[in-house]
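By this note's numbering, the letter at position 212 of the sequence shown is numbered 220, and the numbering carries on one by one without gaps.
Treat the hints with care, since some could be wrong.
Keeping only pairs whose Cα atoms sit at most 27 Å apart, straight-line, the calculated BS3-like set for lysine-lysine is [stated by the list, open to error]:
1. Lys267 x Lys248
2. Lys70 x Lys248
3. Lys191 x Lys82
4. Lys175 x Lys190
5. Lys138 x Lys173
Computed beta-carbon distance windows for the label pairs [claimed, not checked]:
6. Glu117 x Gly45: 28 to 36 Å
7. Gln229 x Ser39: 34 to 42 Å
8. Thr193 x Lys85: 28 to 36 Å
9. Gly168 x Asp268: 54 to 62 Å
In case anyone wonders, no lab produced these hints; they're calculated from the structure.
For glycine and all other residues, C-beta sits at the position ideal for the given N, C-alpha and C.
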Amino acid sequence: MKKLITGFAACCMCAVMLTACSGAPANPVHSIDDLKGKTIGVQLGTTGDTLAEDVENAVVEKYNKYSDAVQALKQGKIDAIIIDSDTASVFLKNNPDIQQLSEGFADEEYAIAIKMGNTALQEEINGALKTLSDNGTLKQIKDNYDSEDAGTQAYVSPEGTDRSKGKLVMATNAEFPPYEFKKGTDIVGFDVDMMTAVCDTLGYELQIEDMAFDSIIPAVQSGKADVGVAGMSVTPDREKNVLFSDTYVTTHLVVLVRKD
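Working from the sequences, and respecting the hints, build out all of it.
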C-alpha cells in the first residue's frame, strides 16, 4: 500500500489534526478477529458502514465525518475504525497515537455514480476515463496525491478548453482526503481533479455540490446532481439505485486502532 508523503499531509493537516486525549483505555483490537464484540466507528453510508454490520456482536457507531470517528477512537469511545487505506494514511501522519492493523479488511473499487437509465452519460464518462487512463492523466493525478512527488504534478485544465455542453453537477462529501477535502474554502482532491479532467475531455463545466455522504445517491437519483463522486465503492445494493462508470481506482479498507 502506498503512503502519502508529509508534503501532501501538511496541506490538509487542518482538516484532520486531532488532539490526543489522555486516559483512553488500552487498545483491545490487535487483529481482524478481535473486532468481534467491539465498538467500531464508520462513516455513515460507506462500504465500511455496511461491512461493519456483519462483524459478530459488534456495536457500530456511525459518524458523518471520519475525523469525528478518529477523535472518538483517541478518546476511547470506540475500539476501531474501518476506513479506506489512502484516507487512513492521512490520519496516521497527523495522529501518532493511532495505528493501522497489518491485516487488510476488504478490497473495494471506486466508480462514478450516474442516474439510472442515463446510459448516454455513462458511455461518455467511460470514454473519457479510458482516454485519461491511456494518455497517463489519471496516473499523473493520482501521483499528485500519493507518491514521492506529491504536490508537484497538479492537474491544470488546458487553455481554451471547450465548455459548450454546459454544467455537469458533481455531488460529493468533502471529508475524505485525499479524494475530496477542503483547502480553505475550496474543495480539492483526487476525485475533483479527475472529474475536472473528465469534464475538460467531454466539454462540460464542473460544478461541485458538497453534502453528507448518504445524500449523494439520492441527489443523483433525483437529478439534483448529474454524478456522485466521493470514493464511492460499487456494491450490489448501490447498483439497484444508480448506474456506475468503469472503475477508476482499486483500493482497500483497513482498520485503525489506538497505539499500544
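Which of the listed hints are broken here? Per hint list: single violation, 1.
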